[in-house]
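Asks: Each chain, letter by letter, is given below.
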Amino acid sequence: MSEAATHHEHDHHDHHPSGITRWLTTTNHKDIGSMYLIFSLIMFFIGGSMAMVIRAELFQPGLQFVDPQFFNSMTTMHALVMIFGAVMPAWTGFANWMIPMMIGAPDMALPRLNNWSFWILPFAFTLLLSTVFMPGGGPAGGWTMYPPLVLQTGQAFPFLIFAVHFMGASSIAGAINIIATVFNMRAPGMTLMKLPLFVWTWIITAFLLIASIPVLAGAVTMLLTDKFFGTAFFSAAGGGDPVMFQHIFWFFGHPEVYILILPAFGIVSAIIPTFARKPLFGYASMVYASAAIAFLSFIVWAHHMFTVGMPLGGLIFFMYATMLIAIPTGVKVFNWVATMWRGSMTFETPMLFAVGFVILFTIGGFSGLMLAIVPADFQYHDTYFVVAHFHYVLVTGAIFSIMAAVYYWLPKWTGRMYNETLGKVHFWLSTITVNILFFPQHFLGLAGMPRRIPDYNVAFADFNMISSIGGFAFGISQLLFAWIIIDVCFFKRGQKASAGVWEGARGLEWTLPSPAPYHSFSTPPKIDDKMLAHGDVTH
Amino acid sequence: MTFSKQKNPWRKIALMSAILGLPGAAMADWGLNLTKGVTPYSNTVYDLHMLILGVCVVVGIVVFGLIFYSVIAFRKSAGAKAAQWHESTKVEILWTLVPFLILIGMAVPATHALIMMENVSNADMTIKVTGYQWKWHYQYLDDGINFFSTLESGSNMARQLKSGVDPKTVPNYLLEVDNHLVVPVGKKIRFLTTAGDVIHAWWVPALGWKRDAIPGYINESWAEIQTPGTYRGQCAELCGKDHGFMPIVVDALSAEDYAAWVTKMKAATQHADAGAAVPAAAVAQQ
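Chains as they are written, first to last, in this note's numbering: chain A, 1 to 539; chain B, 540 to 825.
What the hints contain is simulated information worked out from the structure, not anything from laboratory work.
Take the hints with a grain of salt, since some may be wrong.
[As the list claims (entries may be wrong)] Taking lysine-lysine and the BS3-like style, the derived pairs with C-alpha atoms no more than 25 Å apart in a straight line are:
1) B:LYS780 / A:LYS227
2) A:LYS530 / B:LYS615
3) B:LYS727 / B:LYS803
Work out the full structure: start from the sequences and follow the hints.
Replies: Quick look at the structure:
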């Protein structure tokens, strides 16, 4: 397509429909990115309300508010909504907004697919959330959907399966789009080893998605045929194997864990250099470490199921392989610390969340290493120690970096600065309360409290009460987050942001004005190494 | 549990926040840490846990120390000028190799403990544990004793939604059953775990392990309890509505007491057989 034709088409596209039709039919990466992010925020609050129900019931021993079946459906739905509804769409939203701007492209490579991959999600979650009101209640067998228990689900069962299929289709479409965009639409001169780490970690994430989501789709389809079409894939009585489901599920599930956290590594690798005013330490080793983590994520799945009764050789293999993940993860943490070392740091809200991420995610990494040690895992497995572990990596890891990213890029998206004081208050409230919420859960697990129980012995009462208080306070603190965003986006308050926004920010996205124009780079930018965050690594 | 006796939750919260500031001793009875347990294996696991926890704490202090030092020393407001170096292959190799060596230091004792746990040979006796929604069934394969074990009625009443019963008034709330599993001390007991409906997991923390009970599978584990006493645990794999309400209680008796218990149980079983009053469920399990 000639230059002139491209321009003509862009002019045409700028006259987009208004009102709801604009959002239904948009193929613009920024519109779609915004929809993903708003969707994610809504799901964050829906999933969060479910967590509030859980913490309210666990506030004191005895059953005060909900029956055990509903409690189980809350833990199940909380996980599904947070993983597939809050965290994954947030990553895709950031990717949509930022990747074209970061690589010097006008838009995503497959804009119609992009529209479709977003609009599947509201339907998927309508299906999933509607199950709470069905006879028999929502799915209550845990988000891991282990048979035979999950086959006891009532009318919600097929809705659960199809919702998972939809979410998976959306993720795969998003991943294909990101790979196609990065491999085909980089501006001339933007070589792979000049890409921002957020783009790198997202490409790796996209490959993980394409490799792992179909495995999940296969597993849940087998559940569906076991339930309705007389197959016995997972039924021992019919010659099948319930443990096989766990192997298949976690072959998806462990890469999924890195799908949830790799883009966070990319975001933190962008924010820390900006506010330390110093280039990221060890760019190349960060790329290799991400790839190493992705590779290892496919050979460690059975560490989620050490207690199913595997042969000794299997246990030893999965223990060693899991322990190895500590090495590339450690390299990343050390690189971030080295980036801060001898920098010139300021602590605006994105930096606060990024430094909070490094510390708290590392705590989650430590408990992860402990869980890798099989004999110790025989004690930790399925206790609150595990709950504490994955909430440290997912809340203070993934969610904290999502918040860091929102504060970091909001001025670029809207052209206005958010309220910095409120942002800092939000950070400190979140950080203090999230630790009151999750740190005592380590103690509960070690003291012997199993996870996924609605009621407990009085010996666990004190730490549960502390944890619940932290939970309520953390939940309320997030309303402040929503307010800060609404304040900027709808009330349009706050100072006008410059193109660079942050003093130390480098990269193509900061060369565009704030707010960024509807079409990012209509003509490819000239790549000047000085304005790139990692332009000088290949010299 | 000193504090659980107090009725007013707010007083408790105030006390707790005061005590949270105090480390170690003050919190000893709060159940902060893994317990040593009562088997040689559980002691090994405890030592392993303390070792890896210790390594994590030391590494954490170093890494977090460096972060806090940077945050304080390299602030723009403190006049710090940013250096521009950003690469060092030497350092990268160093912080790849050092963690690798630390990991080997952890892997060696972990592998030893694992081999110990997986060696179920030469057991003195075998107990088959079957999980059901929501109770446990125990079969003493050598003595022909078998019985179900379900949540004790006091706990069961108190745990109903809005029962109005204060759980603190129920002894061993949710950790008491009608029929305890009785075992001898000083004997290597082989446990075979399986399930009749969905997946459960049999876990008594004092024995140092849990093992899934899976329909169609028979998993092997073992324990050699050294101290007589009563040890409590719970189902550890989500198994439906009443997953939180199928506890496990193990009574470890001296050899003589155990022999007496076996004699008593056998007599009761024969009596029941003679009266043809064997519970249907028990027959189904034969």
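Asks: Which hints from the list above does the structure break, by number from lowest to highest?
Replies: Failing hints: none at all.
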